[in-house]
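Student: So you can see what is in the structure, the chains are spelled out below.
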Amino acid sequence: MSPARLRFPRHVYGEGHEPDPRFSLANERTFLAWVRTGLALLAAGVALEALEPPVQPGFRLAASMLFLVLGTVTPLQAWRGWAQDERAMRQQRPLPSPLLAAPMAAACAVAGLLLLVGLLLA
Amino acid sequence: MTPPPTVFDPGLQPERTVLAWRRTALSLVVASTLSARLMAPALGAEAVAMVSGAGLGLALVLVVAAARRRRGIEASLREHGDLSHAPGAATLAVTAATCFASGMAALVFVLGRTLT
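Chains A and B supply the protein sequences, listed in that same order.
The opening position of the first sequence corresponds to residue 1 in the numbering used here, with each subsequent residue numbered one higher.
The opening position of the second sequence corresponds to residue 1001 in the numbering used here, with each subsequent residue numbered one higher.
It is worth saying that the hints were derived from the structure and are not from the lab.
Note that the structure is predicted; figures quoted are calculated from it, not measured.
The reader is advised that the hints may include incorrect statements.
As the list claims (entries may be wrong) - Here are the computed distance ranges between Cβ atoms for each label pair:
hint, chain 1, residue 1, chain 2, residue 2, range
1, B, L1012, A, H17, 32 to 40 Å
2, B, G1112, A, V110, 23 to 31 Å
3, B, L1111, A, R5, 17 to 25 Å
4, B, A1042, A, A122, 15 to 23 Å
5, B, M1104, A, A33, 18 to 26 Å
6, A, F23, B, V1030, 39 to 47 Å
7, A, L121, B, A1075, 57 to 65 Å
8, B, R1078, A, R10, 24 to 32 Å
9, B, A1097, A, Q91, 33 to 41 Å
10, B, V1061, A, L99, 29 to 37 Å
11, B, H1080, A, V117, 53 to 61 Å
Stated by the list, open to error - Computed footprint of chain B on chain A, listed as stretches where at least three residues anywhere in the stretch have a Cβ under 8 Å from a Cβ of chain B:
hint, region
12, 93–101
13, 107–120
For each residue, glycine too, the CB sits at the ideal point set by N, CA and C.
Based on the sequences and whatever the hints tell you, model everything.
Tutor: Okay, here's the thing in structure tokens:
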């Protein structure tokens, strides 16, 4: 049997044992789901500014920037979360909690509120 | 008579993972085309073509990469029973980096419009 080569990234695959492949594949799909979420946030941020819906400009810009910042940070967290979870599975530790999920949901709610207020003020 | 090749996982996870990559490629196409269309008045037709073209090209790369990835994953599962010989996570890292760069570009665009 040929020896396994060390896969990228080393800080994930360099230690531990192979987890159940189904968990690794599920981890990969979770990463992709986060990436899609980030893309949707970016599209929302661009659309708000480019389409200029009838929302008070200050509030609209604030909501747009919030979506854009979230959308830019999301792929970073997607990768980080994937790496942390894969490492934890390889080392048979409990999965770290997804620290970014709750603040992201809160930030989306804030953006929605900004739009609502801005809509009423327009 | 050799037994027929068995599916490692009755849940068909490798197939579901390829579909997830394809959904991501589709999101990429939609986001880049929409952004290009929306930025058209500000940036002009060439920028629109470039952004949509880049998004579409990248999406195609993802679809092809996902197919290759799946073959590597299934080969590793068939021959070793685990993912030890499957592809590494370079495709994931490149995808995340590209989306991050797109986010930065979108921020620059919106800030540029606001500040000028």
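Student: Could you run down the list of hints and mark each one as holding or not?
Tutor: Checked hints:
no., hint, verdict
1, L1012/B x H17/A: 32 to 40 Å, "violated, 24 Å"
2, G1112/B x V110/A: 23 to 31 Å, "holds, 24 Å"
3, L1111/B x R5/A: 17 to 25 Å, "violated, 44 Å"
4, A1042/B x A122/A: 15 to 23 Å, "holds, 22 Å"
5, M1104/B x A33/A: 18 to 26 Å, "holds, 22 Å"
6, F23/A x V1030/B: 39 to 47 Å, "violated, 30 Å"
7, L121/A x A1075/B: 57 to 65 Å, "holds, 59 Å"
8, R1078/B x R10/A: 24 to 32 Å, "holds, 26 Å"
9, A1097/B x Q91/A: 33 to 41 Å, "violated, 26 Å"
10, V1061/B x L99/A: 29 to 37 Å, "holds, 31 Å"
11, H1080/B x V117/A: 53 to 61 Å, "holds, 57 Å"
12, 93–101, "violated (count 0)"
13, 107–120, "violated (count 0)"
The structure shown violates the earlier hints numbered 1, 3, 6, 9, 12 and 13.
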